[in-house]
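One letter stands for each residue in the lines below.
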Amino acid sequence: MAVLTAVVGIGQTKYEAKRLDVSMAGLIREAAERALADAECTWRDIDAVIIGKAPDLFEGVMMPELFLNDAIGGAYKPMLRVHTAGSVGGSTGIVAASMVQSGIHDRVLCVAYEKQSESNATWALSISLPFSLASVAGAGGYFAPLVRGYMRRSGAPDDTGIRVAVKDRQNALRNPLAHLQMKDISFEMVANSPMLWDPIRHLETCPSSDGACAMVMEKESLASRRSGKVAWIHATEMRSEPTMFSGRDQVMPQATLDNAANLYKKAGITKPREELDCAEIYVPFSWFEPMWMEGMLITERNQGWKMTYEGATAFDGDFPVNMSGGVLSSNPIGASGLIRFAEAARQVRGLADQHQIDGAKKALGHAYGGGSQYFSTWIVSSQKP
Amino acid sequence: MSAKEEQASGPVMVLSCPISLDYAYSAGQSASRFLRAIAEGKLLGQRCPVDGRVYFPSRGSCPMHGVTFGDDAVELSDKGTIVTFSIVRVPSQNIALPLPYITVNVLLDGADTILIHVLDAKLEDVHMGMRVQAVWKPREEWTTSTANILYFRPIDEPDAKYETYKEHI
Numbered sequence: 136m137a138v139l140t141a142v143v144g145i146g147q148t149k150y151e152a153k154r155l156d157v158s159m160a161g162l163i164r165e166a167a168e169r170a171l172a173d174a175e176c177t178w179r180d181i182d183a184v185i186i187g188k189a190p191d192l193f194e195g196v197m198m199p200e201l202f203l204n205d206a207i208g209g210a211y212k213p214m215l216r217v218h219t220a221g222s223v224g225g226s227t228g229i230v231a232a233s234m235v236q237s238g239i240h241d242r243v244l245c246v247a248y249e250k251q252s253e254s255n256a257t258w259a260l261s262i263s264l265p266f267s268l269a270s271v272a273g274a275g276g277y278f279a280p281l282v283r284g285y286m287r288r289s290g291a292p293d294d295t296g297i298r299v300a301v302k303d304r305q306n307a308l309r310n311p312l313a314h315l316q317m318k319d320i321s322f323e324m325v326a327n328s329p330m331l332w333d334p335i336r337h338l339e340t341c342p343s344s345d346g347a348c349a350m351v352m353e354k355e356s357l358a359s360r361r362s363g364k365v366a367w368i369h370a371t372e373m374r375s376e377p378t379m380f381s382g383r384d385q386v387m388p389q390a391t392l393d394n395a396a397n398l399y400k401k402a403g404i405t406k407p408r409e410e411l412d413c414a415e416i417y418v419p420f421s422w423f424e425p426m427w428m429e430g431m432l433i434t435e436r437n438q439g440w441k442m443t444y445e446g447a448t449a450f451d452g453d454f455p456v457n458m459s460g461g462v463l464s465s466n467p468i469g470a471s472g473l474i475r476f477a478e479a480a481r482q483v484r485g486l487a488d489q490h491q492i493d494g495a496k497k498a499l500g501h502a503y504g505g506g507s508q509y510f511s512t513w514i515v516s517s518q519k520p
Numbered sequence: 002m003s004a005k006e007e008q009a010s011g012p013v014m015v016l017s018c019p020i021s022l023d024y025a026y027s028a029g030q031s032a033s034r035f036l037r038a039i040a041e042g043k044l045l046g047q048r049c050p051v052d053g054r055v056y057f058p059s060r061g062s063c064p065m066h067g068v069t070f071g072d073d074a075v076e077l078s079d080k081g082t083i084v085t086f087s088i089v090r091v092p093s094q095n096i097a098l099p100l101p102y103i104t105v106n107v108l109l110d111g112a113d114t115i116l117i118h119v120l121d122a123k124l125e126d127v128h129m130g131m132r133v134q135a136v137w138k139p140r141e142e143w144t145t146s147t148a149n150i151l152y153f154r155p156i157d158e159p160d161a162k163y164e165t166y167k168e169h170i
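Taken in sequence, the protein lines are chains A and B.
Taking this note's numbering, the leading residue of the first sequence gets 136, the next gets one more, and so forth.
Taking this note's numbering, the leading residue of the second sequence gets 2, the next gets one more, and so forth.
Derived from the structure by calculation, the hints contain no laboratory data.
Computed from a predicted model, the values in this text were never measured in an experiment.
One thing to keep in mind: the hints can contain errors.
On the chain A side, residues computed to face chain B include the following (Cβ under 10 Å) [to be verified]: (1) Val138; (2) Lys149; (3) Arg287; (4) Gln385; (5) Phe450; (6) Phe454.
No residue lacks a Cβ here, since even glycine has one placed at the ideal position from N, Cα and C.
Let the sequences and hints guide you as you build the complete structure.
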């Protein structure tokens, strides 16, 4: 029987285009210190450290966990680096949780980051392979044909993605940590922004951010004694599948469907749309909101766009998504998944300030990565299971 | 003080240190056969012994079933169908193509996997289901490389029906 585990501290940096005032070590230290302060802990109280970031080729620093070990208090403690492409933030949270759930450690710190001002992600994602013509320009180049596939099969109106982009940027105005603060964001502004990877427009894509996110998790016997609010981890789930195989449904991979079904089963959830109060979903390109509403079994196949269209995913909708502004408003890639997990935890702790959903008790955190081939999710609650 | 002088005397915030990586790629049996064939202008795929699906290009084993493909190869047509596409208007350091260009996921006739390539066509003409054919380099320039195919171009054939390629999107 797994040890019940809770998130007891969360720390985030401000997300912005360039943090020239700190090194990578300084960036993660900032998030980690804030998480410790929130958890009313010191470095001494941490049993193990888990660190995650996206591909090393981004910053060109191989195995950065080696030189970052001291900055996150890893000296003479167990330290583990996680990597699952864009979903790595989520996987980092899950690995940290499993260290406590398994009974190995009592209290664990996890940190995920990306310093994109020192990197070139599009270059790193456009490497030339022996068998293929170098024509896929970064993540957008890979995902744009899949978005077109979703539009074709669902019959979604062409402006669905524009609506998501506007909604998430409006939500970001409630979150002072969000990178993009676009006070004048409008449907026309997104619609008139240049097509980068047709059908994906400039303002339907995520920014490139510097930032880090950290969390402290601990076992029930410690967390129960706290007077402050904690987020109980009801379930975690990870799934992967090969990038390329014949007949692979790249728009709606089997791995996401399996991930969702098993996550809800573990959490005892039968009607996710009714039982969850809100969700932080990994949406780097606007169309992935409706796609993952289907991929997370929140709604029926080919119906995800209706949730956007009918305002269900809006801040005041029946299933708010990305209250923090989401990946579309802040994207330090390696941290983005952990931010989703942390923002879900903030909601159920009732500590999400201006982007708090009133009375949120149960929330979903979600990340995906690679060629839609890695999925990491968790469900957290203000109540014990 | 000019901006340049100020920059020179100010603190060093970021140093640019370019890296490059050169790989020695061991093609192996399956890829070697594929590359020797393409040097002759032939496109060879391989059939998965479990479900019979034809992989192109073949890496010699099935990523779904974890089995090696036998020695038999399947010769494919250089004609195919566009299953999905994007028009790219973003420059990328590693990509030499002039902007904008059309990137296409092509299902070659006889293959059960897609090939990602580029299409030479009017931007407004490209669509899902469009029939296309490879345009090759002059024969005397052929080598053991997929670069023997320069790009795809539309051909005068009726569009493929959505049902015939939808599972490859």
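Restraint: Val138 of chain A near chain B, CB-CB cut 10 Å. Satisfied or not?
The hint is violated - Val138 of chain A has no Cβ within 10 Å of chain B, the shortest such distance being about 35 Å.
Can we keep the Gln385 of chain A interface hint, with Cβ of chain B closer than 10 Å?
Holds - the Cβ of Gln385 of chain A comes within 10 Å of chain B, reaching about 7 Å at its closest.
Tell me if the interface restraint on Arg287 of chain A is satisfied: Cβ within less than 10 Å of some Cβ in chain B.
holds, 6 Å
Proposed interface contact between Phe454 of chain A and chain B, which counts if any beta carbon pair is under 10 Å:
For Phe454 of chain A, the interface hint is violated, since the closest Cβ of chain B sits about 27 Å away, which is over 10 Å.
Do the numbers back the hint for Phe450 of chain A, that is, is its least Cβ distance to chain B under 10 Å?
violated, 31 Å
If you take the shortest Cβ to Cβ gap from Lys149 of chain A to chain B, is it below 10 Å?
violated, 18 Å
Of the numbered hints listed earlier, those contradicted by the structure are 1, 2, 5, 6.
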